[in-house]
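Peer 1: So you can see what is in the structure, the chains are spelled out below.
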Amino acid sequence: MSYLLFQISFLGYFLAMAAYIVYFVSQKNQVRLIARNIILAAGILHTLNIAVRYYEAGHTPITSQHETVSFFAWSIVWGYLSFRWRYTVKNFGTFVSVMTVALMFVAALASREVLPLVPALQSWWLPVHASISIIADGFLALACIGGIMYLLQEREIKKKRFGLFYSRLPSLDALDKLNHHCLSIGFPLLTLGIISGSIWAKQAWGAYWHWDPKETWSLITWFLYAALVHQRFTVGWRGRPAAIMTIIAFLAVLFTLWGVNYFLGGIHTYAS
Amino acid sequence: MPRDVIVLLGVNHKTTPLEVREKMALSGGYEQPLKDLAAIGGLKEYYLLSTCNRVEVLYTTDRPAETRKEVLELLFGRAVPPKELDRYVYQYENEDAIQHLFMVASSLDSMIVGEAQILGQLKEAYRNAAEKNTSGLILNKLLHKAFFVAKRVRTETRIGASAVSISYAAVELARKIFGQLDNKSVMLVGAGEMAELAAEHLVGNGVTSVVVVNRTLERAVNLARRFNGRAASLEELVDQLQHVDIIISSTGATGTILSKKDLKPVMRERRNRPLFFIDIAVPRDLDQDINELDNVYLYDIDDLQNVVEMNRAERDREAVKAERIVEEETLKFSSWLDSMEVTPTIVELRRMADEICRVEVEKTLGKLKHFTPKEQKSLEKMASAIVSKMLHNPVQYLKADNADHSNQRHGRINTVREIFHLNENGGKETERNP
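In order, the protein sequence lines correspond to chains W and D. Okay, so the first sequence: first residue is 1 according to the numbering used here, each after it adds one. Okay, so the second sequence: first residue is 1 according to the numbering used here, each after it adds one.
Read the hints as simulated data drawn from the structure, not as lab findings. Heads up, some of the hints might be wrong.
[What the hints assert, rightly or not] Taking lysine-lysine and the DSS-like style, the derived pairs with C-alpha atoms no more than 27 Å apart in a straight line are: (1) K145(D) with K399(D); (2) K28(W) with K151(D); (3) K160(W) with K35(D); (4) K83(D) with K159(W); (5) K44(D) with K369(D); (6) K367(D) with K381(D); (7) K399(D) with K367(D); (8) K363(D) with K332(D); (9) K14(D) with K321(D); (10) K28(W) with K367(D); (11) K264(D) with K177(W); (12) K123(D) with K145(D); (13) K374(D) with K123(D); (14) K399(D) with K377(D); (15) K159(W) with K264(D); (16) K44(D) with K160(W); (17) K132(D) with K145(D); (18) K90(W) with K321(D); (19) K381(D) with K369(D); (20) K28(W) with K332(D); (21) K44(D) with K145(D); (22) K158(W) with K261(D); (23) K145(D) with K14(D); (24) K151(D) with K132(D); (25) K158(W) with K260(D); (26) K23(D) with K83(D); (27) K159(W) with K367(D); (28) K23(D) with K35(D); (29) K83(D) with K14(D); (30) K90(W) with K159(W); (31) K151(D) with K90(W); (32) K332(D) with K369(D); (33) K160(W) with K332(D); (34) K389(D) with K332(D); (35) K264(D) with K158(W); (36) K145(D) with K28(W); (37) K23(D) with K123(D); (38) K151(D) with K321(D).
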């Protein structure tokens, strides 16, 4: 049942992406509305999928690779939709839907098996720590997408060669504001995620910090974002340097999420 | 029974120099000229449009040749001698008039093709005519159709989307950098006509404050007053950069007045808020290197010209699409007009048949006194049913096929009128056809 829902929402995201790409090229407003409705419907189905899986597994479904990446995609979609409700960033949806589909694809490839929960994870800290961290990653992903869009647009304006993006992407100011918004939500959540993890670690393993590879990398990620946020607030870092930094920091997020498990191992590696 | 002709007389920026247009413009509003036109007997429906680029009058009449003279005399007789008028005024009739109106409404005939203002002006002009009841069935339908066509062109093409003058291009770029231009300020360095024009456009698009810097302070003060702004001397240039966002530079200086080195500390002070430099001076005022700084954008006159060219190419492509829409709608409207043409004949035909039917039924019933009311009703019904059935084919024949050429339609109308002798008794009544 939950897998069926997963497949339908995956298909939904895929259709939304196709529609958004058509909109990106043609700029027909009806197409954008269609794409928006599809992504909203797919997002709702995806929510159901996670709820059903929670019921089927008997624990928060953010433990295996499949579940984590799927939840990551879910956070991006709902982070995006929550923004759409407040203000619009032209053609943001196209980029977001591509990223979502890519993540869903990764999730679909991973094993869907429901694994029994190892004793260390049997705690109510699991939903708190895991969901906060992944939702933080979702907003940071949106910031990264905004950064990519900023670089594309800035390049055309700086080089004075107007191609595909100039008329289709929003103003530099709007993209920079998007970066700011996403960071001001994503960074506090990231901080909370690390703190909650540390408290949980104290309860489960007896110490707040173990210098386990995942912890180390999340700290590196945190420092990257902290530097970015600090620079933004104090000396008014913005524009290209901020966009590049956002993208680099997001690569660190991805490495923390996946790279660590594959290359470094450690106590955070529960299921592989 | 000839159909009324739709006539459009006018002058615009293409045919007429500004000095003459100025004199012809209906500067006193529409009310008086609309009232005056009522004195011309030949006009059935009419309306007037006057903007800074055109003055046009559109009317329906059955005597196009005579009315042209009267209308021109009444509207422009005082401003321009009649001989000269003929050189400037263009005249379109029927389909051409409809097409021209649609082109105007969709801003395809404007000085700046694609600008949106004209539609509002057209609506205003129509509102005046409608209030004075000078527009009727045809004009109401025609003007509403024109608004519809304009909307279609706007949504189906990107004709209004791009800037095709240097100052518009500057505004468009500023929008891409700053998003909203509200609360942004512009600085003019040096005062030239083009710089003023660009500043005017920026102010028109939301820029709130203007600073003018000039070698002679007096000139700066004068120009600043025009924009409700403030003046500063050239020595303060770098300090002023703290407070502005867009700089339009057009001094006559031979060397550069600002370099990358000067700007670096400014950007730090500004907390990296973007700066947009527009250098329209030749030789250039600003060092090209400043474009390399983050959050600083520099466009010179050639760069802007490139934007304009690019937009113009796109606009020309879109204009082709727009003209196709106009043509399509012109055809649709013409065929509606044609169908209007047969309506009076059909009405007359029915009226005549009903009359015959009524008379004959009365005659017959006069003889059949023993009929009950119910039986009388049946007889009446039968008579009118026969008439309807008999008329069905002639009416279908009149209405047949909209795509048909209008000459054939004329021929058919004449045939029907002749067969049924409609011309003798109905001539006077049809004068007042809808």
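Peer 1: State for each hint whether it applies.
Peer 2: Now the hints, each set against the structure:
1. Taken as a hint, the K145(D) and K399(D) pair is honoured in the structure, with Cα atoms around 22 Å apart against an allowance of 27 Å.
2. Under the criterion of a C-alpha separation no larger than 27 Å, the hint pairing K28(W) with K151(D) is consistent with the structure, at around 15 Å.
3. Our distance criterion of 27 Å between C-alpha atoms is broken by K160(W) and K35(D), whose separation comes to about 55 Å.
4. The hinted pair formed by K83(D) and K159(W) fails the criterion: a straight-line CA distance of about 55 Å is larger than 27 Å.
5. Taking the CA atoms of K44(D) and K369(D), the gap is near 50 Å; set against the 27 Å cutoff, the hint is violated.
6. Using a Cα cut-off of 27 Å, the hinted pair K367(D) and K381(D) holds, with the two alpha carbons roughly 18 Å apart.
7. Annotation: proposed proximity of K399(D) to K367(D) is violated, straight-line Cα distance about 39 Å (limit 27 Å).
8. Distance restraint check for K363(D) and K332(D): the Cα-Cα separation of roughly 47 Å exceeds the 27 Å cut-off, and the hinted pair is therefore not satisfied.
9. Simply put, K14(D) and K321(D) have alpha-carbon atoms about 22 Å apart, close enough for the 27 Å limit, and the pair holds.
10. The hinted pair formed by K28(W) and K367(D) fails the criterion: a straight-line CA distance of about 74 Å is larger than 27 Å.
11. Between K264(D) and K177(W), the direct Cα distance comes to roughly 23 Å. Compliance with the 27 Å bound is thereby established for this hinted pair.
12. Only pairs whose Cα atoms come within 27 Å are accepted, and K123(D) paired with K145(D) is accepted, the gap being roughly 12 Å.
13. Between the alpha carbons of K374(D) and K123(D) the distance comes to roughly 56 Å, so the proposed pair goes past 27 Å and is violated.
14. A C-alpha spacing of about 31 Å is found between K399(D) and K377(D), which places the hinted pair above 27 Å, so the restraint is violated.
15. About 20 Å separates the Cα atoms of K159(W) and K264(D), which keeps this hinted pair within 27 Å; it holds.
16. At roughly 56 Å between alpha-carbon atoms, K44(D) and K160(W) are farther apart than 27 Å, so this suggested pair is violated.
17. For the given pair, K132(D) sits about 20 Å from K145(D) by alpha-carbon distance, which is consistent with the 27 Å threshold.
18. Restraint check for K90(W) and K321(D): satisfied, since their Cα atoms lie roughly 25 Å apart, inside the 27 Å limit.
19. For the hint pairing K381(D) with K369(D), the CA-to-CA distance comes to about 18 Å; that is within 27 Å, so the pair holds.
20. At most 27 Å may separate the alpha-carbon atoms for a hinted pair to count; K28(W) and K332(D) meet this at roughly 25 Å.
21. Pair hint K44(D) plus K145(D) holds up; C-alpha atoms about 19 Å apart against a cutoff of 27 Å.
22. A hinted pair counts as satisfied when its Cα atoms are at most 27 Å apart, and K158(W) with K261(D) qualifies at roughly 19 Å.
23. Proximity of K145(D) to K14(D) is assessed by CA-CA distance (about 25 Å); at most 27 Å being required, the pair is judged to hold.
24. Pair hint K151(D) plus K132(D) holds up; C-alpha atoms about 26 Å apart against a cutoff of 27 Å.
25. For the hint pairing K158(W) with K260(D), the CA-to-CA distance comes to about 15 Å; that is within 27 Å, so the pair holds.
26. A threshold of 27 Å between alpha carbons decides the hint, and for K23(D) with K83(D) the separation of about 16 Å falls inside it, so the pair holds.
27. Taking the CA atoms of K159(W) and K367(D), the gap is near 99 Å; set against the 27 Å cutoff, the hint is violated.
28. Restraint check for K23(D) and K35(D): satisfied, since their Cα atoms lie roughly 20 Å apart, inside the 27 Å limit.
29. Only pairs whose Cα atoms come within 27 Å are accepted, and K83(D) paired with K14(D) is accepted, the gap being roughly 19 Å.
30. For the proposed pair K90(W) and K159(W), the alpha carbon gap of about 22 Å is at most 27 Å, so the pair holds.
31. A C-alpha spacing of about 23 Å is found between K151(D) and K90(W), which places the hinted pair at or below 27 Å, so the restraint holds.
32. At roughly 55 Å between alpha-carbon atoms, K332(D) and K369(D) are farther apart than 27 Å, so this suggested pair is violated.
33. Distance restraint check for K160(W) and K332(D): the Cα-Cα separation of roughly 44 Å exceeds the 27 Å cut-off, and the hinted pair is therefore not satisfied.
34. Restraint check: the Cα-Cα separation between K389(D) and K332(D) comes to about 31 Å, which exceeds 27 Å; the hinted pair is violated.
35. Between K264(D) and K158(W), the direct Cα distance comes to roughly 17 Å. Compliance with the 27 Å bound is thereby established for this hinted pair.
36. For the hint linking K145(D) to K28(W), the alpha-carbon distance of about 23 Å falls within 27 Å, and the restraint holds.
37. Between K23(D) and K123(D) the alpha-carbon distance is near 23 Å, which keeps this suggested pair within the 27 Å criterion.
38. The suggested pairing of K151(D) with K321(D) holds, with an alpha-carbon distance near 14 Å, which does not exceed 27 Å.
Against the hints set out earlier in the document, violations occur for numbers 3, 4, 5, 7, 8, 10, 13, 14, 16, 27, 32, 33 and 34.
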